[in-house]
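2 protein chains.
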Amino acid sequence: MATPGAAGAPDETWTIAQIADEFGVTHRAVRHYEDLGLISPRREGTRRIYRRRDRTRLALILRGRRLGFPLEEIRTIIDLYDLPRGKRSQLEYVLTQIDERRADLEQRRADLEAAIAELEAWEVSCRRDLEALG
Amino acid sequence: MATPGAAGAPDETWTIAQIADEFGVTHRAVRHYEDLGLISPRREGTRRIYRRRDRTRLALILRGRRLGFPLEEIRTIIDLYDLPRGKRSQLEYVLTQIDERRADLEQRRADLEAAIAELEAWEVSCRRDLEALG
DNA sequence: AGTCTGCTTTACGTTAACGTAAACGTCAAG
DNA sequence: CTTGACGTTTACGTTAACGTAAAGCAGACT
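From first to last, the protein sequence lines stand for chains A and B.
According to my numbering, the residues represented by the first sequence are 1 to 134, in order.
According to my numbering, the residues represented by the second sequence are 1 to 134, in order.
Please note: incorrect hints may appear among the correct ones.
Identical copies look the same in the list; a pair holds intra-copy or inter-copy alike.
[What the hints assert, rightly or not] Straight line, CA to CA, 20 angstroms or less: simulated SDA-like cross-link-like pairs of lysine to any residue: (1) Lys87 <-> Gln97; (2) Lys87 <-> Thr56; (3) Lys87 <-> Ser125; (4) Lys87 <-> Ala132; (5) Lys87 <-> Asp99; (6) Lys87 <-> Ile77; (7) Lys87 <-> Glu131; (8) Lys87 <-> Gly37; (9) Lys87 <-> Ala17; (10) Lys87 <-> Leu71; (11) Lys87 <-> Ile116; (12) Lys87 <-> Ile98; (13) Lys87 <-> Cys126; (14) Lys87 <-> Ile16; (15) Lys87 <-> Asp129; (16) Lys87 <-> Ser40.
Hints were generated in silico from the structure; no laboratory data involved.
I would like the entire structure built from these sequences, with the hints used as guidance.
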């Protein structure tokens, strides 16, 4: 679509404007993520070339951001994905990291559920008051 | 406990150090929330006096913060709690606000579930690799 | 009286996550 | 060949959410 070759080819590439547009962020933001080492697109001369792997990472970054994680923390998380997991010690390290992350996420989930439940109870009470008014 | 009167009395009060300590934040943070209008403790002379209502608000603030909401947004939310909900128009306004908030929270929940599911799948794959190593 | 502890205001400093110009390269179209 | 459209680096600006002095009051202890 963006480059020659069959649609959906595994070596499809995009420019910075294309992915920024597609993900709804600015080029500045994308370059910022690169400065912090969250993505590292290839270069064609001086131009940045984004591939599927970069898109995947960007999606992870944005989700992490929506969840309120600081970019530095997001970096350590997605870096874990690329860690060589051949040796036992590395696997065990990844597992402990996963546990930490999950504990964090579970805490967030608890907060979320509480907030949602509160909102719903509130809504019910509002609707009841409304009906009482005719 | 902190002031004369029976424990659990509805007019119990606390100093800034006490609530800051109890909620695990700094006095500076608490005063910052006040600067932004998120809490407004009574004064005894020049000293701030915190009551149950302030504690409730602080709890809401901190949960909002854990959820990654900006303080300004948190302010508009908890201000809604104190809105007079006598008239129909006010009730309807609150209901629309509740809907907006809930849509936001549902989005976050989706992100959260996705992240957790991903982590779990990853963990399974790691454990499988570990077993393969003996 | 002196000193400590706890609280106060005022105000500048800091970090994160970009925004926003400035100044320049480059390739295809007019 | 000049004009755009798009890309690049460098660097200062901005907002949020506090941190961190600095300097002073007020009641309790010694």
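I want to check one pair: Lys87 and Glu131. Are their C-alpha atoms no more than 20 angstroms apart within a copy, between two copies, both, or neither? This pair counts as between: shortest inter-copy Cα distance 12 angstroms, intra-copy 65 angstroms.
Homo-oligomer pair classification [Ile77, Lys87; C-alpha up to 20 angstroms]: within (19 angstroms within a copy, 49 angstroms between copies)
Using 20 angstroms as the alpha carbon limit, work out where Lys87 and Gly37 are close: within a copy, between copies, both or neither. neither (25 angstroms within a copy, 53 angstroms between copies)
When Cα atoms must be at most 20 angstroms apart, do Lys87 and Ser125 count as within-copy, between-copy, both, or neither? Intra 57 angstroms, inter 14 angstroms, cutoff 20 angstroms: inter-copy only.
Give the relationship of Lys87 and Thr56 under a CA distance limit of 20 angstroms: within one copy only, between copies only, both, or neither. The answer is neither: 25 angstroms in one copy and 49 angstroms across copies each exceed 20 angstroms.
My question is about Lys87 and Ala17: at a cut-off of 20 angstroms on alpha-carbon distance, are they close within one copy, between copies, both, or neither? Intra 39 angstroms, inter 49 angstroms, cutoff 20 angstroms: neither.
Is it within, between, both or neither when you check Lys87 against Leu71 at 20 angstroms Cα-Cα? Classified as neither; 28 angstroms inside a copy, 45 angstroms across copies.
Alpha-carbon proximity between Lys87 and Asp99, which holds within one copy, between copies, both or neither at 20 angstroms: within (19 angstroms within a copy, 49 angstroms between copies)
For Lys87 and Ile116, with the copy left unspecified, which applies at a CA distance of at most 20 angstroms: within, between, both, or neither? neither (43 angstroms within a copy, 25 angstroms between copies)
How do Lys87 and Ala132 come out at 20 angstroms by Cα distance, when the copy is not named: within, between, both, or neither? So Lys87 and Ala132 pass the 20 angstroms test across copies only (11 angstroms; inside, 67 angstroms).
From the Cα coordinates, with 20 angstroms as the cut-off, is the pair Lys87 and Cys126 best called within, between, both, or neither? This pair counts as between: shortest inter-copy Cα distance 11 angstroms, intra-copy 58 angstroms.
Taking 20 angstroms as the upper bound on the Cα-Cα distance, should Lys87 and Asp129 be classified as within, between, both, or neither? between (63 angstroms within a copy, 9 angstroms between copies)
Hints 2, 8, 9, 10, 11, 14 and 16, counting from the list given before, are not met by this structure.
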